[in-house]
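Protein chains: 2
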Amino acid sequence: MMKCYFDHVATNPLDTRVLDAMMPYLKDDFGNPLSIYEPGSKAKEAIENARGQVASLINSKPSEIIFTSSGAEANNFALRGIALARQNEGKHIIVSRMEHHSILNSARFLEKMGFAVTFLPVDKHGMVDPDVVKKSITKETTLISIIHASSEIGTIEPIEEISEIAKEKKIIFHTDAVAAAGNIPINIKELGADLLSMAAHQFYGPKGAGALYVREGLRIVPLIYGGIQENGRRAGTENVPAIVGMGKAAELAKEEMNARIEHVRTLRDRLIKGVSSVENIYLTGHPDNRLPGHASFCVEFIEGEAMLLLLAAKGIYAASGSACSSKALKASPVLLAMGIPSGLAQGSIVFTLGKDNSGDDIEYLIAEFPQVIKRLREISPYAKGWGIKGEGGECIVQK
Amino acid sequence: MMKCYFDHVATNPLDTRVLDAMMPYLKDDFGNPLSIYEPGSKAKEAIENARGQVASLINSKPSEIIFTSSGAEANNFALRGIALARQNEGKHIIVSRMEHHSILNSARFLEKMGFAVTFLPVDKHGMVDPDVVKKSITKETTLISIIHASSEIGTIEPIEEISEIAKEKKIIFHTDAVAAAGNIPINIKELGADLLSMAAHQFYGPKGAGALYVREGLRIVPLIYGGIQENGRRAGTENVPAIVGMGKAAELAKEEMNARIEHVRTLRDRLIKGVSSVENIYLTGHPDNRLPGHASFCVEFIEGEAMLLLLAAKGIYAASGSACSSKALKASPVLLAMGIPSGLAQGSIVFTLGKDNSGDDIEYLIAEFPQVIKRLREISPYAKGWGIKGEGGECIVQK
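Protein chains in written order, with numbering that gives the first Met the number 0: chain A, 0 to 398; chain B, 0 to 398.
Keep in mind that a hint or two might mislead.
[To be verified] Dumping the calculated DSSO-like pairs for lysine-lysine here, alpha-carbon to alpha-carbon at most 30 Å: (1) B:LYS26 to B:LYS43; (2) A:LYS111 to B:LYS168; (3) A:LYS26 to B:LYS313; (4) A:LYS2 to A:LYS373; (5) A:LYS41 to B:LYS373; (6) A:LYS43 to B:LYS313; (7) A:LYS373 to B:LYS41; (8) A:LYS111 to B:LYS111; (9) B:LYS168 to B:LYS123; (10) A:LYS354 to B:LYS26; (11) B:LYS2 to A:LYS43; (12) B:LYS354 to A:LYS26; (13) A:LYS26 to B:LYS41; (14) A:LYS111 to B:LYS90; (15) A:LYS133 to A:LYS123.
[To be verified] Which stretches of chain B does chain A cover? Using the computed rule of at least three CB atoms under 8 Å from a CB of chain A, they are: (16) 68 to 76; (17) 233 to 239.
Hints listed in this document are in silico derivations from the structure and should not be mistaken for laboratory results. Cβ atoms here follow ideal geometry from the backbone N, Cα and C, with glycine treated the same way.
Pulled out of the complex, with its shape left as it was, chain A reads as follows:
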């Protein structure tokens, strides 16, 4: 059976060139980077080399990169680290309804600690309106955090405009670029964010490595206290092999970025065209301003989970909503925030393409997908009109 991996927002395979770069640090070069003898200094050099590679990916200084264990850790660190560092200046922060759970739940933690949080609405494409950001700012606002690109709907947010607004008002601005970094070009100097989160496994690097860009001179309260690793800003013995892998993956992502984008965009457009031919299926997220390998839909009268299972039985691996909540079986808050009715939001399906997908993968999907939908609709009470009036309301997703 053919196997088509269309779930690159959940995780990517590790590039064999990245694994090759990691192997020495999984074998002989196992030293602790804080040790002053040779195996230690070798590990330390490897980490600093990786820091340079990750910095280069977003055009920052190496000293502005702090390694973490994941994108989620970077997001927790950014939100809580800045909110706490600046709490004497104000206790109001702004996030959007597009954010990942690591931001949303960190924001709710801060609410319990006495912070006020504004959760910004979005339009039908999942776009945050910079004017709405501006109007949400109060004298108490110290931090704004807006996702760079949504892993659920692919929409790329107007980060530069929001950065400008934050800068004008002297508010710190963080962007969760976990789905974006390594997949679309990011120049931090143009983007203007003060903090930016990344995860290596989103661009063919290893799991267990993430990074937070923190603009030079910005004070941040650590999330993990302990030793003097990462200049005292993130403790714990460094995961040297994973950090080395993140560096190598960043280097490759930078070198191959344009070719990868061109490749997945071409496939993605064919996929959207093919899948859209099914009746009562709607593209979610922005039609153009979206991640190049990202195609997300809501399929009427069908549960996302059922689609995933039938597709998986054909060797097609896709997602329904965010990977981090895919077993939670609730309609995605992101889709609901865009005004998609909850019944329709249940029929969410997300295909995300990677550099190793081929045209054949797309042809296979386009051939199999309509059959899966047909079969599911045959057994769906919703497809036969049950409950439609109750669930309905205006459907504002675009076709």
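On the provided structure of chain A, position chain B as indicated by the hints.
Chain B alone, transformed into the frame defined by chain A:
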């Protein structure tokens, strides 16, 4: 040149059998454990298998193991997670002066949040007195955290007795077993702790994997918020290869524990005997009740850093104080807390042995070490009597 790695508290080499177990998850089995299709469920199964292996190492239930990215993260999670979860019952916590920086600095963070923290004194062997623990308890005390075994001086603390006291008073008890777990037998049911921290790279597992044992039914506030990983208690895409490695390393540690202990203890005793023949050198930590592979000393009239460099030049890799602060160049707070004068504490040297060390390694060290000391004393102004009176005071370390 001979190479002797005597710094197993800093980090261990990865066991090749552990790396072999990890490799499939660094290659084909790269799925996200939350995905419902086959590559995802395979990763999920691998994690649950590892959870069982780690649980078995300490005789807990698998559901009581939460994977983290490091021992430091586990310590931060335990201390702050319990302090916050119980803050309505009281805001006093007790730790010892033997703790790792990840506990000490987390405690200081809690102080800033309005918690009161008692830092318990220790005796000349670095032992915490259970009676002193008892006397430090107030109506406000919600949490006690005492290190299981010190990585700096090897002393094993009276964890069972302290557990008993905590249980009687209905106070939660955490132990940082990062240096102990996998190296000495731990039966959590006998030990009685409510929480226990571990790190895989301390027992030939990979960097980037740690775990926190949390007794069933105990509420803990997450350190890293986000998705539903680890039952919603620790978010972030799981580092599957590292977790699998931690499981395999735990399994091997359990199987080979007695043989490993016997091996390193025999070598360690020879090392202590040989090294102690040098003049004005003092064993630090408890003479008997210490980690089996651990030998730590203070050498009079010499700086630890200088010893490390000269030993490293001979291919002998050792530590001076805690790995996490070895570049901080301050006299170790742990040694000072034991009453060792600061001048003498500067001459700290720690040799920690592992399963792959041999008798030849020990012979080599015993042959080379006295020469290193001799050479350093020839150039040391302290050895010529300079400043001795100012630095001195009663030296209470045992010979």
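Here's how the hints hold up against the structure:
1. For a cut-off of 30 Å, the pair hint linking LYS26 of chain B to LYS43 of chain B stands: about 16 Å separates their Cα positions.
2. A C-alpha spacing of about 28 Å is found between LYS111 of chain A and LYS168 of chain B, which places the hinted pair at or below 30 Å, so the restraint holds.
3. Using a Cα cut-off of 30 Å, the hinted pair LYS26 of chain A and LYS313 of chain B holds, with the two alpha carbons roughly 22 Å apart.
4. Distance check on the hinted pair: LYS2 of chain A and LYS373 of chain A sit about 21 Å apart at the alpha-carbon level, within 30 Å; holds.
5. Under the criterion of a C-alpha separation no larger than 30 Å, the hint pairing LYS41 of chain A with LYS373 of chain B is consistent with the structure, at around 29 Å.
6. Taking the CA atoms of LYS43 of chain A and LYS313 of chain B, the gap is near 21 Å; set against the 30 Å cutoff, the hint holds.
7. Restraint check for LYS373 of chain A and LYS41 of chain B: satisfied, since their Cα atoms lie roughly 29 Å apart, inside the 30 Å limit.
8. The suggested pairing of LYS111 of chain A with LYS111 of chain B holds, with an alpha-carbon distance near 17 Å, which does not exceed 30 Å.
9. For a cut-off of 30 Å, the pair hint linking LYS168 of chain B to LYS123 of chain B stands: about 28 Å separates their Cα positions.
10. Only pairs whose Cα atoms come within 30 Å are accepted, and LYS354 of chain A paired with LYS26 of chain B is accepted, the gap being roughly 16 Å.
11. Distance restraint check for LYS2 of chain B and LYS43 of chain A: the Cα-Cα separation of roughly 19 Å lies within the 30 Å cut-off, and the hinted pair is therefore satisfied.
12. Restraint check: the Cα-Cα separation between LYS354 of chain B and LYS26 of chain A comes to about 16 Å, which is no more than 30 Å; the hinted pair holds.
13. The suggested pairing of LYS26 of chain A with LYS41 of chain B holds, with an alpha-carbon distance near 25 Å, which does not exceed 30 Å.
14. A threshold of 30 Å between alpha carbons decides the hint, and for LYS111 of chain A with LYS90 of chain B the separation of about 17 Å falls inside it, so the pair holds.
15. For the hint linking LYS133 of chain A to LYS123 of chain A, the alpha-carbon distance of about 20 Å falls within 30 Å, and the restraint holds.
16. With 7 residues having a Cβ less than 8 Å from any Cβ of chain A, the region 68 to 76 of chain B passes the three-residue criterion, so the hint holds.
17. Under the rule that three or more residues need a Cβ within less than 8 Å of chain A, the assignment of the region 233 to 239 of chain B holds, with 6 such residues.
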